[in-house]
Amino acid sequence: MLKYLFAKNEDIPSGSAAVFFGFSAILWFVVGTGLGSFNAAKLAFPDFVTGNEWFAFGHMRQVHVLAVILGWISMAFAMAMMYITPILGNTRLWSEKLGLWNCLLWNVGLSLGLTLLWAGIGSGREYSDFIWPIDLYVALFVALPLAINVWMTILKRRVQGIYTTNWFFGGGVFMVIIVYLTGNLPEFFHLTGLSEAYLTWWFAHNVLGLWITPVAAAIAYFTIPKVTGNPLYSHRIGHLHFWSVVVFYSTPAAHHLMSAPLPEWLKSFASVEGVLILVPAIAFVSNILLTMQGKWSMFVESLEVRFTITGVLMAIPLNMQGGFQQTRAINWYIHGTGWIVAHAHLALLGFSTFLEGAAVYLGLQSLMKRKLYSLTLGNIHFWLLLIGFSIYWISMTIAGLIQGAGKIYEVPYIDVVIAEHPYMIARWLGGTLVFISNVIWLYNMWMTARVGTVIPAGRMPHEIAYER
Amino acid sequence: MNFREYKIGSRMFGLCLGGSMCITLLMPSYDFRSATSTDVALDKQLSAGWETGWNVYDPLMLGNNKPVKVVVKADPKTGAALAAPVTAYVYRVGTPMPNAADHPGNLGESVEKLSKDKGKIGEFNKATGAVYVIEKDGTTPYIVNKTATDGWMPGDVLGKAADADIAEVGKGKTMFVREGCWWCHTLLPEETQDWQVFGAPPYLGDFNGESPTAFGSDRKAPDLLHVGSRNSSKEWMMLHFFNPRLVQTHSIMPRFDYMWGEKDADGKTINFDQWRADYNDYRAGKKPNPPDVPAYAKDSEIRSLIDFMLSLK
Chain F
1 MLKYLFAKNE DIPSGSAAVF FGFSAILWFV VGTGLGSFNA AKLAFPDFVT
51 GNEWFAFGHM RQVHVLAVIL GWISMAFAMA MMYITPILGN TRLWSEKLGL
101 WNCLLWNVGL SLGLTLLWAG IGSGREYSDF IWPIDLYVAL FVALPLAINV
151 WMTILKRRVQ GIYTTNWFFG GGVFMVIIVY LTGNLPEFFH LTGLSEAYLT
201 WWFAHNVLGL WITPVAAAIA YFTIPKVTGN PLYSHRIGHL HFWSVVVFYS
251 TPAAHHLMSA PLPEWLKSFA SVEGVLILVP AIAFVSNILL TMQGKWSMFV
301 ESLEVRFTIT GVLMAIPLNM QGGFQQTRAI NWYIHGTGWI VAHAHLALLG
351 FSTFLEGAAV YLGLQSLMKR KLYSLTLGNI HFWLLLIGFS IYWISMTIAG
401 LIQGAGKIYE VPYIDVVIAE HPYMIARWLG GTLVFISNVI WLYNMWMTAR
451 VGTVIPAGRM PHEIAYER
Chain W
1 MNFREYKIGS RMFGLCLGGS MCITLLMPSY DFRSATSTDV ALDKQLSAGW
51 ETGWNVYDPL MLGNNKPVKV VVKADPKTGA ALAAPVTAYV YRVGTPMPNA
101 ADHPGNLGES VEKLSKDKGK IGEFNKATGA VYVIEKDGTT PYIVNKTATD
151 GWMPGDVLGK AADADIAEVG KGKTMFVREG CWWCHTLLPE ETQDWQVFGA
201 PPYLGDFNGE SPTAFGSDRK APDLLHVGSR NSSKEWMMLH FFNPRLVQTH
251 SIMPRFDYMW GEKDADGKTI NFDQWRADYN DYRAGKKPNP PDVPAYAKDS
301 EIRSLIDFML SLK
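Residue numbers (the working numbering), protein chains in the order written: chain F, 1 to 468; chain W, 1 to 313.
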């Protein structure tokens, strides 16, 4: 890919940027889940690798989180945008060259930011942990070039309407820039006190709500109709989904701070708005599941459909939790416990990872015109990922309920730590399965690029998945 | 470019997102601005200094350029004993001033007025440093710049103070952020039964001028906002930081022995490998007692972190 950085845009093969992004994303997923598994081991066995600040939990915890969010999830988004947006506009990507540079600058900036963070050099604000020069870099050299490429591709399209997926892509890249620049205002202009605390969670909420959730859903709006051949069940429900995300999901930031001394009107407002997340959630899930009508056999047969539908089904518990756990009645019990950790992994490792996994499988095969090296390894990846995630989610949910009970019944904290120990070991095992599954995935995709069977012109990868 | 969905869509989009930001950002900002500092907030911002996350004055987050908190027992100018000890916040030459000095607006109206008029907080000079104390007018706390009002100089205050009376709270807060303590320990007792175990939740005005607030979100360990009230033993803190399993068998906290640095309080090189080998023998039942924890040096990182812990009252 590097040889094209200084080539003329016309000379760069179509899809180069997307392939570069796709492999970067998988690599960051391996790194991120490896760190997650290591961190989990430290919580289960506190004397495992000790006495060295480079392997201290406090130094590594957030490197895992940001490697997964900005490396795996966001790069997989960029990959999806760079091949889906042109397809839906019946055109080429506006600039492959910009895309390649975008990916290079992304990898460089992320590596730098994570290295600093690993050394402990951060802002001390959860999710916007990067120091403000890196935050600015992310907004201007990571998100903005991506946004320009997506918007220009949409503008230069050769079809009349704009398909649902592209509304989300175009809106998502706009919103993530706004969120990055606004959420980091406390660092840019040294705002302090409650403004700083509240903007930290305004950022954290909206980077999930206005970037990860809608863009992941947009991918499903493409994958399911494309692979099954069914048209989207309803564009109007898609409209409802899009506008309710913008209106409802951008407002409940304060529900992350229900126990902090924020204005009471703000907490109540956020709590009510938080329940309204069910509107876009129901719209999205029903729309995708109804699109599957008559093609449910593909849930079993097609790897891409299985990944996507699993992710969509996970959106149901995800949004039921998300809508109600932030109300005062429930937040009181589970705030700050492992329940929330489980919920966060349901959103990122469950819902959005499975949707993106499908996009990366489909996209890399289509762009490289190579059939998947081994469907068996693909199936093993799916099941290890699903089982590993499930072990993680169930064990952390139970641990969270124990913590909640400990909190309410004034149990001495150390007894809570003792009671949680088996679940910490289970979480480590689950996380390790996820890591192993991703190593297998990386190998499988690498071999696909090297020795995968060439897909004949005019065929889709899933059509010939079972042909020898 | 002249499809009507661009026009209608983008205007609707702007209206929706702008309206949302108006409610969730602009409207709360008026509430936050009207919050009046409590004495807790004044103590926190004076002892932590300008910023304890990453900043240009401390790019490697070593805890440089931070104020220290000193118990003053005698007048630094005259040497005469004070009627009662005073807690002073000493900003040495070159230390960035607290947020209240150049942005007194963050104090809230009544505190700002008293601090400016009676406390002379506007009259600071970075070249000479400054000494601040907190006083009260009735129930309203305010900041007094003792350098401007009484001529207390940072060098005099520090020169006359015993090391035990000096707390490196600002550097310690930097360590708290850098070492990621807040990934497991919250600084925010909840409005639940936490009242009974971890103490009272904070008030609206308890954070003015503090950055970062580092509330923490994922509580895997006890809340620390009032830890200094529950446990004020330096010795316990020292053992616990070196190896938490020395004082709490079931703790899952990491060891922070690397914050001792290379030398102990007597200037001798600490042999960590020997210590770990002895400790493993103790764990294996080969020795009756664990090895002694080395006393930390005065300028070690752990000293500041312990000072910060004990300041959390």
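No lab work stands behind these hints, which were simulated from the structure alone.
Remember, it's a predicted structure, so these values are computed and weren't measured experimentally.
For every residue, glycine included, the Cβ atom is placed at its ideal position computed from N, Cα and C.
Honestly, I wouldn't trust all of these hints.
[Claimed, not checked] Label-pair distances were calculated between CB atoms; the ranges are:
(1) F/PHE188 to W/ASN125: 20 to 30 Å
(2) F/ILE425 to W/ALA295: 47 to 57 Å
(3) F/THR376 to W/ARG230: 49 to 59 Å
(4) W/LYS7 to F/PHE188: 27 to 37 Å
(5) F/LEU181 to W/ARG33: 17 to 27 Å
(6) F/LYS156 to W/LEU26: 49 to 59 Å
(7) W/LYS287 to F/THR376: 45 to 55 Å
(8) W/PRO288 to F/VAL108: 22 to 32 Å
Structure-based check of all given hints:
no. : hint                             : verdict
1   : F/PHE188 to W/ASN125: 20 to 30 Å : 27 Å, holds
2   : F/ILE425 to W/ALA295: 47 to 57 Å : 36 Å, violated
3   : F/THR376 to W/ARG230: 49 to 59 Å : 57 Å, holds
4   : W/LYS7 to F/PHE188: 27 to 37 Å   : 33 Å, holds
5   : F/LEU181 to W/ARG33: 17 to 27 Å  : 21 Å, holds
6   : F/LYS156 to W/LEU26: 49 to 59 Å  : 36 Å, violated
7   : W/LYS287 to F/THR376: 45 to 55 Å : 53 Å, holds
8   : W/PRO288 to F/VAL108: 22 to 32 Å : 55 Å, violated
In this structure, the hints that do not hold are numbers 2, 6, 8, in rising order.
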